[in-house]
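2 protein chains.
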Amino acid sequence: MTKFAVLGHGVVGSGTVELFLKNKDKINQKCDLELELGRILDLRDFPGLPYSDKFTKDINDILNDDEITVVAEVMGGVNPAFEFVSGCLKAGKSVCTSNKELVAKKGAELISLAKENNCNFMFEASTGGAIPIIRPLHTCLAANEITAAAGILNGTTNFILTKMLTDNMTLEDALAMAQRLGYAERNPAADVEGHDACRKICILSSLIFGKHVYPDWVHVEGITGITTEDAEYAVSFGGAVKLIGKVTQTDDGKILPMVSPAFVCSANPLSHVDDVFNGIMVFGDGFGEAMFYGRGAGKLPTASAVLGDVIDCAKHKNTIRSLTWEDSADNSFIADYKDSETRMYIRLENCDKSAIEAAFPDCEYLSRKAQPANEFAIVTPSLKEREIDEKLENIGGKVLGKIRILDL
Amino acid sequence: MTKFAVLGHGVVGSGTVELFLKNKDKINQKCDLELELGRILDLRDFPGLPYSDKFTKDINDILNDDEITVVAEVMGGVNPAFEFVSGCLKAGKSVCTSNKELVAKKGAELISLAKENNCNFMFEASTGGAIPIIRPLHTCLAANEITAAAGILNGTTNFILTKMLTDNMTLEDALAMAQRLGYAERNPAADVEGHDACRKICILSSLIFGKHVYPDWVHVEGITGITTEDAEYAVSFGGAVKLIGKVTQTDDGKILPMVSPAFVCSANPLSHVDDVFNGIMVFGDGFGEAMFYGRGAGKLPTASAVLGDVIDCAKHKNTIRSLTWEDSADNSFIADYKDSETRMYIRLENCDKSAIEAAFPDCEYLSRKAQPANEFAIVTPSLKEREIDEKLENIGGKVLGKIRILDL
Numbered sequence: 067m068t069k070f071a072v073l074g075h076g077v078v079g080s081g082t083v084e085l086f087l088k089n090k091d092k093i094n095q096k097c098d099l100e101l102e103l104g105r106i107l108d109l110r111d112f113p114g115l116p117y118s119d120k121f122t123k124d125i126n127d128i129l130n131d132d133e134i135t136v137v138a139e140v141m142g143g144v145n146p147a148f149e150f151v152s153g154c155l156k157a158g159k160s161v162c163t164s165n166k167e168l169v170a171k172k173g174a175e176l177i178s179l180a181k182e183n184n185c186n187f188m189f190e191a192s193t194g195g196a197i198p199i200i201r202p203l204h205t206c207l208a209a210n211e212i213t214a215a216a217g218i219l220n221g222t223t224n225f226i227l228t229k230m231l232t233d234n235m236t237l238e239d240a241l242a243m244a245q246r247l248g249y250a251e252r253n254p255a256a257d258v259e260g261h262d263a264c265r266k267i268c269i270l271s272s273l274i275f276g277k278h279v280y281p282d283w284v285h286v287e288g289i290t291g292i293t294t295e296d297a298e299y300a301v302s303f304g305g306a307v308k309l310i311g312k313v314t315q316t317d318d319g320k321i322l323p324m325v326s327p328a329f330v331c332s333a334n335p336l337s338h339v340d341d342v343f344n345g346i347m348v349f350g351d352g353f354g355e356a357m358f359y360g361r362g363a364g365k366l367p368t369a370s371a372v373l374g375d376v377i378d379c380a381k382h383k384n385t386i387r388s389l390t391w392e393d394s395a396d397n398s399f400i401a402d403y404k405d406s407e408t409r410m411y412i413r414l415e416n417c418d419k420s421a422i423e424a425a426f427p428d429c430e431y432l433s434r435k436a437q438p439a440n441e442f443a444i445v446t447p448s449l450k451e452r453e454i455d456e457k458l459e460n461i462g463g464k465v466l467g468k469i470r471i472l473d474l
Numbered sequence: 067m068t069k070f071a072v073l074g075h076g077v078v079g080s081g082t083v084e085l086f087l088k089n090k091d092k093i094n095q096k097c098d099l100e101l102e103l104g105r106i107l108d109l110r111d112f113p114g115l116p117y118s119d120k121f122t123k124d125i126n127d128i129l130n131d132d133e134i135t136v137v138a139e140v141m142g143g144v145n146p147a148f149e150f151v152s153g154c155l156k157a158g159k160s161v162c163t164s165n166k167e168l169v170a171k172k173g174a175e176l177i178s179l180a181k182e183n184n185c186n187f188m189f190e191a192s193t194g195g196a197i198p199i200i201r202p203l204h205t206c207l208a209a210n211e212i213t214a215a216a217g218i219l220n221g222t223t224n225f226i227l228t229k230m231l232t233d234n235m236t237l238e239d240a241l242a243m244a245q246r247l248g249y250a251e252r253n254p255a256a257d258v259e260g261h262d263a264c265r266k267i268c269i270l271s272s273l274i275f276g277k278h279v280y281p282d283w284v285h286v287e288g289i290t291g292i293t294t295e296d297a298e299y300a301v302s303f304g305g306a307v308k309l310i311g312k313v314t315q316t317d318d319g320k321i322l323p324m325v326s327p328a329f330v331c332s333a334n335p336l337s338h339v340d341d342v343f344n345g346i347m348v349f350g351d352g353f354g355e356a357m358f359y360g361r362g363a364g365k366l367p368t369a370s371a372v373l374g375d376v377i378d379c380a381k382h383k384n385t386i387r388s389l390t391w392e393d394s395a396d397n398s399f400i401a402d403y404k405d406s407e408t409r410m411y412i413r414l415e416n417c418d419k420s421a422i423e424a425a426f427p428d429c430e431y432l433s434r435k436a437q438p439a440n441e442f443a444i445v446t447p448s449l450k451e452r453e454i455d456e457k458l459e460n461i462g463g464k465v466l467g468k469i470r471i472l473d474l
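Sequence order for the protein chains is B and E.
First residue of the first sequence: 67, per this note's numbering; consecutive thereafter.
First residue of the second sequence: 67, per this note's numbering; consecutive thereafter.
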């Protein structure tokens with residue numbers, strides 16, 4: 067018999083228990099296991115549940131229980147999750163987490179601690195929610211050199227952008243709708259300012275390139291500046307505007323992780339990832355390109371990913387995974403996004419067409435309904451961002467919007 | 067050190083060697099392995115290659131080499147692959163195959179043989195080519211009850227249908243183009259008649275529902291009857307026509323695997339899977355829905371999947387996977403598709419509108435450019451197939467086309 071504990075009985079924690087208890091017999095039969103729910107750590111009381119006897123407020127009840135060999139950490143936040151997870155790993159218990167903040171900020175340290183203690187630190191649920199992405203990247207695609215990844219990594223902002231694009235809603239109205247439907251927090255900053263997507267691209271970047279990428283090192287732009295006009299121009303461009311987390315390699319051997327809105331043309335599968343869904347594309351020398359699509363958040367979807375890891379740990383108790391990356395002393399391997407080339411959508415007001423043509427000779431013009439005569443929207447050729455900004459400083463008129471084109 | 071052998075040096079076999087040798091150092095470093103190419107079995111001679119010394123024409127050179135613990139079978143076909151794979155498994159060597167025909171026809175037997183001999187039979191490459199699908203289904207989604215799967219499982223037919231839809235090409239012209247580009251065989255029957263997709267849905271069905279589904283038990287319709295008019299009506303429907311392999315559960319506890327063309331509405335991610343790409347959607351009680359997208363065939367993409375399995379076997383030598391299903395004595399658990407409900411697109415000639423309305427009171431009408439006055443195209447409400455066919459027998463006029471609607 068193997069017992070697992072659950073740290074935190076919030077949305078994901080209760081979902082993890084619910085999904086496990088629902089499918090326990092099938093899981094154990096299919097996987098030839100005797101997996102049982104051990105203890106649940108939460109400071110609150112949950113009387114009247116069929117598993118109320120499992121609760122404890124003391125982490126030591128888990129740390130000292132030798133029957134518990136796997137722990138699901140679904141509390142979120144760095145404190146006290148980091149302390150609890152460290153304690154579990156030191157006690158030789160494998161930990162499976164959905165906590166993207168913990169992995170993005172403390173991943174290298176916890177991976178190394180797991181290794182020292184002959185157990186595993188797993189985090190399939192931390193990126194892309196229910197979507198299998200960490201394990202496929204690490205096992206199924208192991209023969210490849212992975213060269214890049216790009217994804218829609220935050221369901222809340224994708225819902226908002228979808229509503230702006232398909233229903234012509236303003237950002238404010240779409241956000242309010244997302245809040246009413248429970249897709250957005252009352253304080254939506256982590257989502258709309260791109261920090262949530264940033265944590266996820268940090269995790270993917272670290273896994274793909276083998277060195278820890280800390281969130282502070284990533285250039286992040288959220289969706290707060292996106293207007294319905296931008297959305298209309300995205301349609302005129304033949305695509306959609308999406309919040310994209312991506313990581314690419316640069317010519318000088320560095321990597322460039324970044325989060326920002328982008329125009330995605332309709333030939334790119336990411337342009338069709340709508341509503342609260344997430345989609346992650348990866349690129350490699352053998353498989354070419356692949357996309358993984360599904361629910362990036364939510365009670366049962368996240369529970370599905372956490373339990374997948376728990377079952378794997380329970381099935382292969384003595385297997386140490388090579389799911390690992392090194393810590394990074396500094397960010398010298400991170401490229402400056404200003405030096406990278408991109409095509410750019412730019413919306414300009416009160417600007418001479420001759421000045422635009424002088425600055426961006428081969429630009430493409432976009433149009434929208436009710437476009438004022440003093441407004442131009444262009445897509446530049448591929449140029450260094452630094453160069454685009456310099457040209458815009460001297461172009462005259464006012465820049466109303468500026469969004470990268472996703473070219474991958 | 068672990069050595070692996072390759073059975074067959076055709077397209078996939080040479081790709082497997084090429085990709086491994088290209089990335090060998092990175093693979094070994096990342097996975098903490100010392101994996102080496104052992105022998106390659108092929109009846110032909112391949113002089114002048116950097117690894118020409120590895121070839122043998124005698125399977126015993128592999129069977130009797132104790133350093134070879136993993137074998138990649140990439141020959142295709144049942145004979146002599148079945149004999150060779152059986153021999154390897156009996157010798158305790160794990161086998162990783164891209165051979166969908168072998169898995170679809172002999173999977174249960176080979177899985178059981180692997181178990182008896184404490185080794186693994188793995189087949190990530192057999193379904194969806196490079197797309198990680200077998201392992202994600204079996205591990206990442208292990209906590210779920212998987213309820214259904216549906217996918218575009220054949221790149222050749224998807225290329226042809228895409229050309230018919232977007233470039234208005236005839237099936238004959240699109241097939242000829244696919245043959246010119248090397249996407250279709252000179253004898254395209256296995257692709258266009260749906261047998262290739264059938265093997266893949268057999269493998270997915272067996273894995274998901276735990277009982278071997280043999281190809282002969284599956285209702286298969288290919289794309290040979292699809293016309294450009296059908297493609298136009300699919301666009302008018304608001305979607306695309308795709309060759310879909312799917313498996314669902316029926317109310318009486320049976321399963322219904324099937325391959326047939328289907329109209330897929332544009333809200334369904336599968337409708338945007340174009341050209342030679344494959345896409346596989348799976349449905350489960352925890353994660354909801356997920357889609358896996360990528361290259362379903364080709365030299366390096368298939369090699370990527372085969373090598374992913376080889377590396378996994380090499381990393382976890384003493385791990386026996388629960389990637390398994392039982393053999394089935396008969397097909398009593400397979401439902402009759404005639405009893406299943408579906409919406410149906412029907413193209414009719416010389417038929418009274420009153421007769422159509424009497425037969426299908428709530429049907430939706432589709433239209434196309436240059437639609438003759440004596441032609442109707444409808445989408446029926448959801449009805450049993452048997453019922454639809456009975457109604458059509460009495461409707462008068464001629465049925466020119468009949469394609470299921472994918473509702474999942």
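In case anyone wonders, no lab produced these hints; they're calculated from the structure.
Please note that a few of the clues may not be correct.
You can't tell identical chains apart in this list, so a pair holds if it fits in one copy or across any two.
[Stated by the list, open to error] Simulated crosslink set (DSS-like; lysine-lysine; CA at most 25 Å straight-line):
hint : residue 1 : residue 2
1    : 320       : 419
2    : 172       : 365
3    : 171       : 96
4    : 123       : 365
5    : 96        : 381
6    : 181       : 381
7    : 123       : 450
8    : 96        : 365
9    : 96        : 320
10   : 181       : 92
11   : 383       : 96
A quick look at each hint next to the structure:
| no. | hint | result |
| --- | --- | --- |
| 1 | 320 to 419 | neither (38 Å within a copy, 67 Å between copies) |
| 2 | 172 to 365 | within (24 Å within a copy, 39 Å between copies) |
| 3 | 171 to 96 | between (36 Å within a copy, 22 Å between copies) |
| 4 | 123 to 365 | within (22 Å within a copy, 55 Å between copies) |
| 5 | 96 to 381 | both (11 Å within a copy, 23 Å between copies) |
| 6 | 181 to 381 | both (18 Å within a copy, 16 Å between copies) |
| 7 | 123 to 450 | neither (54 Å within a copy, 55 Å between copies) |
| 8 | 96 to 365 | within (24 Å within a copy, 33 Å between copies) |
| 9 | 96 to 320 | between (44 Å within a copy, 18 Å between copies) |
| 10 | 181 to 92 | between (31 Å within a copy, 20 Å between copies) |
| 11 | 383 to 96 | both (17 Å within a copy, 21 Å between copies) |
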